[in-house]
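Chains as they are written, first to last, in this note's numbering: chain A, 1 to 338; chain B, 1001 to 1309; chain C, 2001 to 2324.
Simulated crosslink set (DSBU-like; lysine-lysine; CA at most 30 angstroms straight-line):
| # | chain 1 | residue 1 | chain 2 | residue 2 |
| --- | --- | --- | --- | --- |
| 1 | B | Lys1245 | B | Lys1204 |
| 2 | C | Lys2306 | B | Lys1299 |
| 3 | C | Lys2242 | B | Lys1299 |
Hints in this document: simulated from the structure, not taken from any laboratory.
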Amino acid sequence: MTLTVSRADSPTPIFHERSQGTTVQNLPLSHLSVEVGHFYMDELENGEGPILAQFERVKPWLAAAEASVACGTEKPRVSTCFLIDDYFQRKPDAGQIIERLLRLSRQAGVRIDYIARESSCAVRADGLRVAELVARRLLQEPEPETSTGSRPPALNSGWLANGRPPREEKVLSAMRGHVWKPADEFSKRNHSIFLDVELWRDPPESPMDEETLLNQRLYSCPFLAAVWQLVRLGLLRNDGAPALAVSEPPASWPDDWSLFPDIIKVNPQAKPFYAYRAFSIMPQHFLGIEHAVRTIVEHFLVDPGVGESLHIRAEEKNIALPQVVADRVSHHFLDGVS
Amino acid sequence: MLIFASSDKGGTGRSVTSCNLAYRLSLLGRDVAYLDFDFGSPTAGAIFEIPKMERGTPDGGLHSYILGEATEPARVDVRKMTERTSLQERPPGSGKLTLFPGDFGGAEFHLTDNHIKAAMKLFHDVEREFDVCIVDLSAGRSSALDISLNAISPRVRKKKQDKDKDRIRWLLFHRWTTQHVIAAGGLLFGDKGIVPYAMEVGFKRADFMRLVRTVRTAVPDTSAFGEKTTAEQTLWVTRSDDHLKALAKGRSLGQDLLAGTTPLEPMLLWREQVIMDLDVNRRLAKPATAQAFDKLATKVDDDEAWEGI
Amino acid sequence: MARSDAPLDSPAKHPPAVVLGVVTTDLLNTSEPLPLEAAQQALKLLPGVAADSHRHPVEQAVSPDLFYGVDCRLATIRGAQPRAIGTVRARAVLTAGHVLQGSARVDVVLDASTRRMPWSYYAACTGTVEAINKADPADLVSGFLKTPNGSGLLDLGGIGTQVMALLDDIPQVDGRADMRTVASRLRWAVLVREGVDLDAEVVAGSDGAFQVRMTAPSELVPRIVAFCEILALHQWLLAALKNAFDRAGRSPKPMDELDPALSYLGHVWNPTAHLPTEIAWLWEALEHDAQLTWEWESTVTRVRDKLSLLTRKAIEGTLHKEFL
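Construct all of the structure, not just a fragment, from the sequences and the given hints.
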């Protein structure tokens, strides 16, 4: 049976019924979100001197960032944020820590608009598993020339690599028995920089049901930091709404971190939290972690609807927005203090 | 229905009998799939006379599928692809006959959970399309056999079982000689045999034994001596047969477990192939051979006859 | 953070030269159709995104798009097979709570780059593969349609099957469909030409599978996808009902074949139900030549006639026994 046809006129429909699964919200957006420093929890607990010193080092780079914003035809909007490291360590004096942090940043002349908690990047206050929104959207790179789609993607659960790890291969005929094959970065230029990132760790005896498994899953620092970056860029959504939402500060600071909202707006005059681009200023020992973060972000597939909504907005305002998500993120690493 | 074809040794006629069983079941109107799980030496392509598949397919056969190298196994409509003209016809009232070939140059491998999952998915998919799926396993305890037992264990097939009876048959083929009877008993009941392993993967012994039946292959009668037999020969054959029956019974492979017997068929000595009624009409094959395959097919197909053995 | 306004090394948006797709259709392996709410739940294949759905006139739920990474060859007839890298887009469609489709497709971009780029480049334009060798678009269309599978070649059918397999393990699916069915494959390919009128050819192969070849502007592609999914669904429905009828002719229990076939599939046929109006004319033209709806109706009639005959015989048999 063969049939060849060409176009004819078609009538206009009068009945519409599409329960569109998800409608992507348009978020208020700044041009740039600046992360003004980062501390481990024990650093926040100890002496004030190092905290003040780091904020003082951050100040000129924050000013530089504000001066260099790409904002198209609009007036520049820059918001600042600070991520509290409450996932791996939790001490019961949260209120005190927040107050000290805000006081020292003010003293150093660094404005903090928003405070967020790292724990929320794993599971947010209402129980939604934010980290899994990212985990389920990571796509392992296909092996060069052999990935036809026939073979289900081999997920080495909990790890993400930018290539193929080194391995010993059995040689059937040779007397030596084994031969070593070096690691291979799939998108290398001449030489490889192979990176294999631990995303999370599950208990050794994995329980069969997913609920129990996820409750026990321990996410790695780079993985939560990648969630954080995607949240700042407005790219991580749940049913079209931002995966982590901004709240007004509580009347008084609770002492337990788990009672804090996910993201708190601590400066009433702050520009929007979410932004087209994200810039992080942090001590240079975070370089390795941020390399891992970048690798994770590079393997994250943005929901097409979300990606498009940002691009449409950017285009309207004549704002350059890189297609590649990882290119919307930049860093300044502070060198040693003393 | 899933039918597993196992055998103690090579050369028992397991594959050729299974192919004939598949053919006969299709004549009964069943849609039949033949899964070549003889990973080391797939032969079903040769028996069904499918060109370029005499020793498996070069691309995406069951071996590759189990190893996770292909999402879907290669499949062949036997009647469309066979070189044997008489087999190409689909007689009225007969069902489909589809071969899932093994891979050319496949080999045994270590058993992993992923292989078992692949086999479960395979059985699940094939059972949805066909009435009968015959799984031809490599001889002896092989990874093909281990994978199969894991994939049909009550632990993983609960879902289907609680409605109506899960239709699984486990056939053990052996030749009718002292050594083969002993070897078959060893394969089934020995320390590293099928039954202990079935229990290890979750079967209750009695439940698994309900699935198992034997097929005695290439059983000779006095005609094997030639046209005229002496009284001594007749007596000797009867005695030998009685001796074997006693041996089989002693090894728990007696009548109660017997699903069928196929006679020694000269045609199959030269060439392993499908015996069609046409071959009997042309007086190439013995009528008893075709009848034996037919009887086995009818028995396998009928739940009551099967249970009542 | 000094930045120029122009992003560095960003993938430019290249229009596709060719769009390739495969729709695989089969019965969802469950004894009763899923109610729409359960279907929506089942097809929520990604956290944070709901399934699309229709309630009228035929219930249908569509999963969010999933993406699969590939780096392999594309089939051709004349030229060398180009290597293509990127992601394939796939989704599951469940119609009437019972007929499941895995629909995979990919935009093929030519002449964009000549080597494999960093993965973030491909992650940024999902649903697209870039061929890094020269290729003729028309050759890619022919190669794809004429080479259903081959070692090292893009396997869209396999990807669709993987999406369908995601529904095997969910609690709503009991694994007890009462009907034997055969999965069917529809391959389709579009040669993208901006500013031209849609041109289409539907071919039924010797194995019964349908193929669709089109020339169309890129804006029509989403509607073409819908058309091909609808065509695949109805081709499968027809084949499945005929298979049941055929099996009933040789089964000792013909009622067991005809009954589920009619109750599972009898009410599903409605090709224009979710057909985009812009290409509704295409279906009409297809009907004019192939008369699929007539074939469906006459097959349903045959099934019903046979069922009532069998029922009458069964009743007569019972009465006869009572008389004796």
